[in-house]
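J.: Two independent chains are provided; combine them into the complex using the hints.
Here the protein sequences line up with chains A and B, keeping their order. As numbered in my numbering, residues 228 to 493 make up the first sequence, in order. As numbered in my numbering, residues 1240 to 1325 make up the second sequence, in order.
Hints are computed from structural coordinates only; laboratory data are not their basis. Incorrect hints may have been included.
[What the hints assert, rightly or not] Distance condition first, Cα-Cα at most 25 Å in a straight line; then the derived DSS-like pairs of lysine-lysine:
id	chain 1	residue 1	chain 2	residue 2
1	B	Lys1312	A	Lys371
2	A	Lys392	B	Lys1312
3	A	Lys363	A	Lys431
4	A	Lys363	A	Lys279
5	B	Lys1286	B	Lys1325
6	A	Lys431	A	Lys457
7	A	Lys392	A	Lys279
8	A	Lys417	A	Lys363
9	B	Lys1312	B	Lys1282
10	A	Lys279	A	Lys338
11	A	Lys363	A	Lys330
12	A	Lys310	A	Lys363
13	A	Lys392	B	Lys1250
14	A	Lys351	B	Lys1312
15	B	Lys1325	B	Lys1250
16	B	Lys1286	A	Lys417
17	A	Lys417	B	Lys1325
18	A	Lys417	B	Lys1312
19	A	Lys351	A	Lys339
20	B	Lys1325	A	Lys392
21	A	Lys363	A	Lys351
22	A	Lys330	A	Lys296
23	A	Lys292	A	Lys248
24	B	Lys1312	A	Lys363
25	B	Lys1286	A	Lys292
26	A	Lys330	A	Lys351
27	A	Lys431	A	Lys338
28	B	Lys1282	B	Lys1250
[To be verified] Which bits of chain B does chain A cover? Going by a derived footprint, with three or more residues having C-beta under 8 Å, they are:
id	segment
29	1288-1297
30	1302-1314
The beta-carbon is built from N, C-alpha and C at its ideal position, and this holds for glycine as well.
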Amino acid sequence: MGRNGEAPQVARMHAINARLKLALGGPKGKSGKRLVDRGRLEAEAVPEVSEKYEISSVPTFLFFKNSQKIDQLDGAHAPELTKKVQRHASSGSFPPSANEHLKEDLNLRLKKLTHAAPCMLFMKGTPQEPRCGFSKQMVEILQKHNIQFSSFDIFSDEEVRQGLKTYSNWPTYPQLYVSGELIGGLDIIKELEASEELDTICPKAPKLEESVDYETFDILEDEEVRQGLKAYSNWPTYPQLYVKGELVGGLDIVKVRPFFIHCPQH
Amino acid sequence: MELSADYLREKLQRDLEAEHVEVEDTTPGRCATSFRVLVVSAKFEGKPLLHRHRLVNASLSEELPHIHAFEQKTLTPDQWAREQQK
Chain A
228 MGRNGEAPQV ARMHAINARL KLALGGPKGK SGKRLVDRGR LEAEAVPEVS EKYEISSVPT
288 FLFFKNSQKI DQLDGAHAPE LTKKVQRHAS SGSFPPSANE HLKEDLNLRL KKLTHAAPCM
348 LFMKGTPQEP RCGFSKQMVE ILQKHNIQFS SFDIFSDEEV RQGLKTYSNW PTYPQLYVSG
408 ELIGGLDIIK ELEASEELDT ICPKAPKLEE SVDYETFDIL EDEEVRQGLK AYSNWPTYPQ
468 LYVKGELVGG LDIVKVRPFF IHCPQH
Chain B
1240 MELSADYLRE KLQRDLEAEH VEVEDTTPGR CATSFRVLVV SAKFEGKPLL HRHRLVNASL
1300 SEELPHIHAF EQKTLTPDQW AREQQK
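If we strip away everything but chain B, and leave its shape as in the complex, we get (with noise of 0.2 Å):
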């Protein structure tokens, strides 16, 4: 298993079935790997926040143990759309 953020961008698209994902590697700068996730997905329609990033930590549920420090950020199609206008 690899932790590039790659690997994690083409995971959380094809289990998320993302519209857009983004992976940013903030391990420089800090003491262990880290990641900064984006992921913006129709399956986050109607469901809360909690809910939703359980969906992220489900779908990277054997990498998680390996990251120290995990950012994620999810957004629906319709929120993606409006964030990137303003």
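Looking at chain A on its own, in the form it has when it is part of the complex (with noise of 0.2 Å):
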């Protein structure tokens, strides 16, 4: 809850609204107008709007410069709409006359993206903090048949989250890639993990517990190596997982990526 007990959609409005104004509170042109500036629409009221743009749910931030729209944000999250309200405001202009190159960079940016790991998946929000439903439950069976993968934000990247849709002619997110090629959305990993076949398609990582010879040391133990090892790795947490003397990282690495074809075997 929010303020006054506030449903917390609500709350995070104030939020967001809050970050806006800190974000907007920038240079002024010659004419005396703002250069960065916003305005505010009500879905319902202006249909017509809500249509050209294809909005689908509220609130969605719609970024334009120049006239042209640059870049979208579904939802209310608050980091990510200063992200990009800073990083629009400090670019240079749109050359609105190489279309046609920025198709062909755009493809081949895509395809290199498809193939950027053996299973890639393309997701609203990330592993560790998924920013839908479906996105959530494709990570959790993923991780649940110890699926090897890399994944991409979508809500990262306005050009890549239309161009994907396009490239693949599939129209929704999560989309699951492997070797580059689109084996699909949720519905159909999860038939496939029905019919056990999720198990052939996808590349597993290396079990943990099984496998690893692992020595520990307890940083409670010793404050000086507590302290010390912080700076000597320059990684602020712990805990710290070191294969042959190097840093592999912590608990965020380890579970999304996990190095064990480096670590010792029994």
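T.: This is the structure in structure tokens:
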């Protein structure tokens, strides 16, 4: 609950508005108008606008530069909003004549992205913080089956978000790719799981419990090591996993991208 | 174009010559228009899942851009018969 017993969504909108005010408190142009400004529309009051921009949920933030829509953010995600405002406010202007060149570049970029790892998941949010129920379920299934995958947050890049739908002729997210080929969305992965085909299609991550030999050091026992190691490896937190004296990472890294191919096995 | 469960059901039935179609409006409890569909059709025989889902997507190509969340299950008549026996 937010202030005065408000629903969480209302509290989030207050936070968004506060962040927007801060992000927009920038320089004014020669005409005296703000270089970065904002407007607000009630989606239901302007159905033709909602339809034009295919608004399917609220709040949705549309970013315009030189009268062209250049970005979009779905949902009340304050840090993401601030990031996008800052990114677009500081970048140069967008050459409208370069469209054909850009389309080719985009397809090449999407080809590279879908091939970026043997198993690629394009999702809303991240595996640690999914921002949609379907993406969350997808991650859970992949993790349950110990499938090794890399992910891309389609909320972080509007160009990829829209471009990939066209590139693969698939209208929704999440999207799972293996060897650069679209396997499908959540429904398909669920059916593959039920028919036990998932394990044959997707690459597995080596299992931790079965094979890794490791020693431990309790950093609570030695304050000098506890603080010294943070500086030595330039890593601020514990636990820390080292293989052959090199830092692999903390829990987040180990969970999402197991490095156990480098670890000593039984 | 009207986005009702009935409308979607009829369209899917027609386009996919379906033996059985169920359409559930899952919008209540979600932030925007959502549907879950089940389609049983002989057209799915011998086709991998992705292909089946693409057939459904093609049938609803006009409507899908206006649907926020869409879940689908595609079965052949045999699979459907087996499922009902469980």
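J.: Evaluate each hint against the coordinates.
T.: Here is what the structure says about each hint:
no.	hint	in the structure
1	B/Lys1312 x A/Lys371	holds (22 Å)
2	A/Lys392 x B/Lys1312	holds (20 Å)
3	A/Lys363 x A/Lys431	holds (19 Å)
4	A/Lys363 x A/Lys279	violated (29 Å)
5	B/Lys1286 x B/Lys1325	holds (23 Å)
6	A/Lys431 x A/Lys457	violated (32 Å)
7	A/Lys392 x A/Lys279	holds (18 Å)
8	A/Lys417 x A/Lys363	holds (13 Å)
9	B/Lys1312 x B/Lys1282	holds (14 Å)
10	A/Lys279 x A/Lys338	violated (29 Å)
11	A/Lys363 x A/Lys330	violated (31 Å)
12	A/Lys310 x A/Lys363	holds (23 Å)
13	A/Lys392 x B/Lys1250	holds (23 Å)
14	A/Lys351 x B/Lys1312	holds (22 Å)
15	B/Lys1325 x B/Lys1250	violated (29 Å)
16	B/Lys1286 x A/Lys417	holds (17 Å)
17	A/Lys417 x B/Lys1325	holds (18 Å)
18	A/Lys417 x B/Lys1312	holds (10 Å)
19	A/Lys351 x A/Lys339	holds (19 Å)
20	B/Lys1325 x A/Lys392	violated (37 Å)
21	A/Lys363 x A/Lys351	holds (9 Å)
22	A/Lys330 x A/Lys296	holds (16 Å)
23	A/Lys292 x A/Lys248	holds (19 Å)
24	B/Lys1312 x A/Lys363	holds (19 Å)
25	B/Lys1286 x A/Lys292	violated (45 Å)
26	A/Lys330 x A/Lys351	holds (23 Å)
27	A/Lys431 x A/Lys338	holds (23 Å)
28	B/Lys1282 x B/Lys1250	holds (15 Å)
29	1288-1297	holds (count 5)
30	1302-1314	holds (count 10)
The structure is inconsistent with the numbered hints 4, 6, 10, 11, 15, 20, 25, although it conforms to all the rest.
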